[in-house]
Structure formats: C-alpha cells, structure tokens
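Produce the entire structure from the sequences given, and follow the hints as far as they go.
Number of protein chains: 2
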Amino acid sequence: MRILTEHGPKDYQAVWMEGGKLKMIDQRLLPEKFEIVVFEDVEDVGRAIKDMTVRGAPAIGAAAAYGMALAALKGKDLDESGELLKSQRPTAHDLFYAVDFMLGALKRGEEPTKAANRYANQIVEKCRLIGVNGALLIKDGDKIMTHCNAGALATVDYGTALAPIRVAWRGRKKLFVYVSETRPRLQGMKLTAYELRNEEIPHAIIVDGASGHFMRKGVDLVIVGADSVALNGDFANKIGTFEKAVLAKELRIPFYVAAPISTFDFDTESGKDIVIEDRDEDEVLVMNGKRIAPEGCGALNPSFDMTPAKYVTGFITEIGVLDPEQIARVRGARI
Amino acid sequence: MRILTEHGPKDYQAVWMEGGKLKMIDQRLLPEKFEIVVFEDVEDVGRAIKDMTVRGAPAIGAAAAYGMALAALKGKDLDESGELLKSQRPTAHDLFYAVDFMLGALKRGEEPTKAANRYANQIVEKCRLIGVNGALLIKDGDKIMTHCNAGALATVDYGTALAPIRVAWRGRKKLFVYVSETRPRLQGMKLTAYELRNEEIPHAIIVDGASGHFMRKGVDLVIVGADSVALNGDFANKIGTFEKAVLAKELRIPFYVAAPISTFDFDTESGKDIVIEDRDEDEVLVMNGKRIAPEGCGALNPSFDMTPAKYVTGFITEIGVLDPEQIARVRGARI
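Read top to bottom, the protein sequences are chains A and B.
The first sequence begins at 0 in numbering that gives the first Met the number 0 and counts up by one.
The second sequence begins at 0 in numbering that gives the first Met the number 0 and counts up by one.
Quick caveat, the hints were computed from the structure, so don't treat them as lab data.
Only true hints are included.
If several chains are the same, the list does not tell them apart, and a pair holds so long as it fits within one copy or across any two.
Simulated crosslink set (BS3-like; lysine-lysine; CA at most 25 Å straight-line):
hint, residue 1, residue 2
1, LYS85, LYS49
2, LYS309, LYS216
3, LYS271, LYS248
4, LYS32, LYS289
5, LYS138, LYS173
6, LYS216, LYS271
7, LYS216, LYS248
8, LYS142, LYS271
9, LYS248, LYS309
10, LYS20, LYS32
11, LYS75, LYS20
12, LYS75, LYS22
13, LYS106, LYS73
14, LYS22, LYS85
As the structure is a computational prediction, the values presented were derived from the model and not from experiment.
What follows is the structure, encoded as structure tokens:
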C-alpha cells in the first residue's frame, strides 16, 4: 500500500519478514503514529493478534503464518504453537487456515520463512485479483460505501473491499467513497480513511448511523469484507455490516462481499454456527483512555454480526464474482 | 425526572423559570457534571439552543417559550426575538410551535412567565400522557430499543420515547432497554443511559451499528422520538433512526414514534419537505477536544434523517396511539 511519508510516497505491507524477524505496522497507533513493531517469538505474535496490533482476517492469517515460522525457527512445538495462535480470535477463519497451511508445509519439511512468505504472497496476489474482478463492477463516477477496514492494512496489501476501489481508481475511474467510522474501534475512520487519503481517493467519513441516509441519497454499490463465510453464503463481518446489508436490499443497492477463498469456511454449514466474539465493554465506554459513558452504566460489545446470504449480491473473490449458491461448488477446489 | 444526588434522589426539570430567570441543566456537560445555567436574555437563550446546552425538540420548545418570556419582560421586539429563536435549529418543529404560541399569548396580553409556564406544563402533561398511552404497548419482560435521547432531558420531564418506559417501569413491569449510543454526540450513551441509571431501569449501551444484531437476537419493540412529523406520517429524527426503522420492518419488530402533537407539522405534506440540518464535521472528527480522524480526511454530518411513514407501526401521542393515516384527521384539533 502507498503511504505518504515526509520523504514522499513509499510502499508498505501490513506484515512482513525481514532478517528472521516478523515486522508489522502497529495498527493501534494509526492514524496518529506510523510505527513498525518487531517480533521474534510466537507467543508475542499471539498477543499482537489478540490486542489488535494486527487486525483484519487475511492479515491475521499472514501474521499467524509468520508466527508459525518463528516457532519453527526456534524449535518450538508446532502443534502447541498452532493452538496458541488459533485461540486468540475465534471469528477469523483465516487464522485457522494459515496455521493449518503452515503445519502442513512445516511437516513436509519446507523452510519456515519460505513457507510463510509463500502464504503471505498468495494473499497479496489473491487481493490483487479481487481488485481486478471487483473493479469490473465499478462504473466511472460511482459512489461506493464500505465499512470497517477491509483495506491493505487488513490484508497485507491491496485489501479485500478496498482492492476493487484501488484498482478502479488506478484505472482512472472517478469515485467517491463513503467510509462509515465503525464504532467502537473506529477502524473505518482511522484506517480506511487513512488508506484512501494516502491513495488520494475522494471520500468522506460518516457515522455508522448515517449509512442509510446516504444510501437513500445515492450510493451505487456497497462493498464490505468478511471475517468468515459459511457454506451457504451467510457471513460474519464487523458489527454494523448486517444493518448495511438490510438497508442495501431495502433500497435496491448492490451489496458485495470481497474475500479470498481462504475466508470461506466450508466446514460451517450456515451463519448459525459462526462463533461471534464478544469484546470488553470498555471499547465502547472509554475513548482515548477517558470514560465517556455515565458511571454505573454497562455496554454489550459484540465485535461481529452475521449477515444471511439472501442479502448478498455477490462474493468478489480471486476466482471471480460468486453467487452465494456457487460457494459449495468451490469446496475442495482451494487455490 | 429523578436524579440520584449525593443527598439522595431529587426531582428536576430540564428547563424552568425561577425568580424571573430561565434555568437549564447544561446537557453538554452530562454525564460528567450536573450543572445548572441561568439566562436573563433571549439572545443567550438562542445561543443555548444553537450550542445544544438544551436539546430535544420539546425541551427546545420550552426553552424558546421562556426565551420569549424573557424578551417580553425586557421589552424587546417580540417578532424579532421570535425570528432569532426560530433561526437556531431548522429541523425542530416544536421551536416554531412554541414561538408562535408565545407570540399569540403575549399579543393577547398574557403575563409572560405565566404563558411560558403554561406552555412548559402542557409539555410535561403531554409527556405523562404519552407515557400512559405507550405503557399499554409494553408487556412484562419486554426488551425495548431506543435511540438518541428522547427522555426527560429532551422534553422538560418524563420524555417522549422514555415516557412509556418510565411509566411501565414504575408500574412494576420488568424491562430491559438497549440504548444505542448515537454518534456523533453520543446522546444515547451520555443522556439516555444516564436517565435510565438514575431511575435504576436495567439497560445496556450498544454501538449504533449493533442495533440490527440485537434486534435479531430479540427486541420486542423499538420506541424513538421525533423532531418533526409531516402530514403523511414521514418523520425526522436523529441520524440513525431510519436504519432502525428499516431493520425493525425487516425483522417484524413493532416500531413506534413517541411525540406530542406539537411535533406534528401539518403544513409539511411529506418528508421530502423536511429540512435536514447539517452540522460541523468536527462533531464526527474530534472527541473530547482531540482529533480522532486522520489529518486531511473530512466528514459529512447530517444531524437527522427522514423515515418514511410506511415503517411506522404507530405514533404514541398524548391523545392515543395513531396510525400514520390518522395524522391528517388531527389537523385543526390542536390540544
């Protein structure tokens, strides 16, 4: 992804391996500070996944792959390391996929760093293809709404929901992007708007509750990411996604989910079986270290919601745009 | 409304007249500080309406009525004072209604404070009746969702959307209230949760984007307030209301709008003619004086949205629960 630094634009990935160490952009500090953190142990990588130094399902997958590489390089027990990583975020299917990928590769004797790089590079290439496939759905002058950050920060590079927007923009289509801020952690405001500004793509931040208002005023398509897609096309994504899907259906706006096939969980029949992570109420009640809620009041803080397949126009993947009914046919054809 | 003070529970109104001066709870400081501000001039009352020291359509109406009383007591030009007050918040129909009420009363020679008290007491009594009528819709054990603050703070006392909840609770019905925080100004979190805690009504704060998630998990009814209701039943309310209405319809949850007849604008045919106020982008981008958005990114900040009548199950008013089609029949029967 392009970052405008004081020395001009520079290309970065969200996570990468360098000199036997794992490096990540610390996403908790954005947009105020751009800082790189360095990891040498799988346990620390687990903590970084838990505390959201790295977030976004595909980027979590890449971080986990590199975490497994670190474990292998240090001679740690691979199964135990895999279990440790898997336990950090229960909703991110890529996390399980990446750990299993690495267990397979390492047990076949592949060099750890090479295997993890192969995994991360595959993600980057898949996201680039999601961009190419999704950009075909975007017309010159379109107004697009997205939610949370399904950008390069969430996916090593390109993004999932932002990949079609990046590719269409670089292809000289005029665009305008509505970025819903995505409470409680404001990843839309803090990360997606940050990425769009770095690419100089026109956009405006809106509060989550204004999505319906602007959809009615004129949005041409909605593109969101996914943390997990079930076999029947039900999917989990950041809290607030379900609302946008219902509104898009009601207002007859195409609603697309951009995700690599690694986010599809073919062993989960439907959304009813997707585990939704509840996070600490302080994410809602405290802002910048200061309590913003009245004393004595509590919050409920589900991190994700589940959107039934009937609200999805199509899944933008690296192998094309799929109808929900086509997902089952991809099973077994993992690329 | 009941406020738990260090000396035990005490009853307050949002605005009232005392010794020829207008007093208000400063709602910008809640929930951190409970502070009373005092006004002697209509110009200062106008500023307090603009800067949201007082907010909520009926409370704005009462503040405007008292502002007109102050103008009359100081011998100011009444028409000019009325215009000044009306220009502060373009979407609040009660503001226009209150100014016109006072112009009529003052021109008939009524004593200013007495006329304004009559207006404010009418609001309190209307809200109490909204509570009684609305409480009949609430069953023991119901889970209720509300948005923004349509509570006692917004309406002098009782509230509109919160009045049925207060009356049902005081009638010993068990309840649980989902309070959506209501970005950007967080009136749900800061004011509604504050009121519910002071009444000791069980509740949880949720982010606005979680409304659909919890509606699907099980909400028995949604009750919101209104800033303006058009003749055909379309209505304006805090941004985010339209989304809840669409979700409630999709999930077959009754969706009620609680408002006194003074909020009904019989001269506005439909929602298309309701003026939606855009407020400063810093309400979205800045929190507690600190910028939370990336530098160089802008926001769009409509304060209200418009919900078409077809999403409304009923309007809870002081004269009963009305279907949208019944509104036109009330025209001319102002009470």
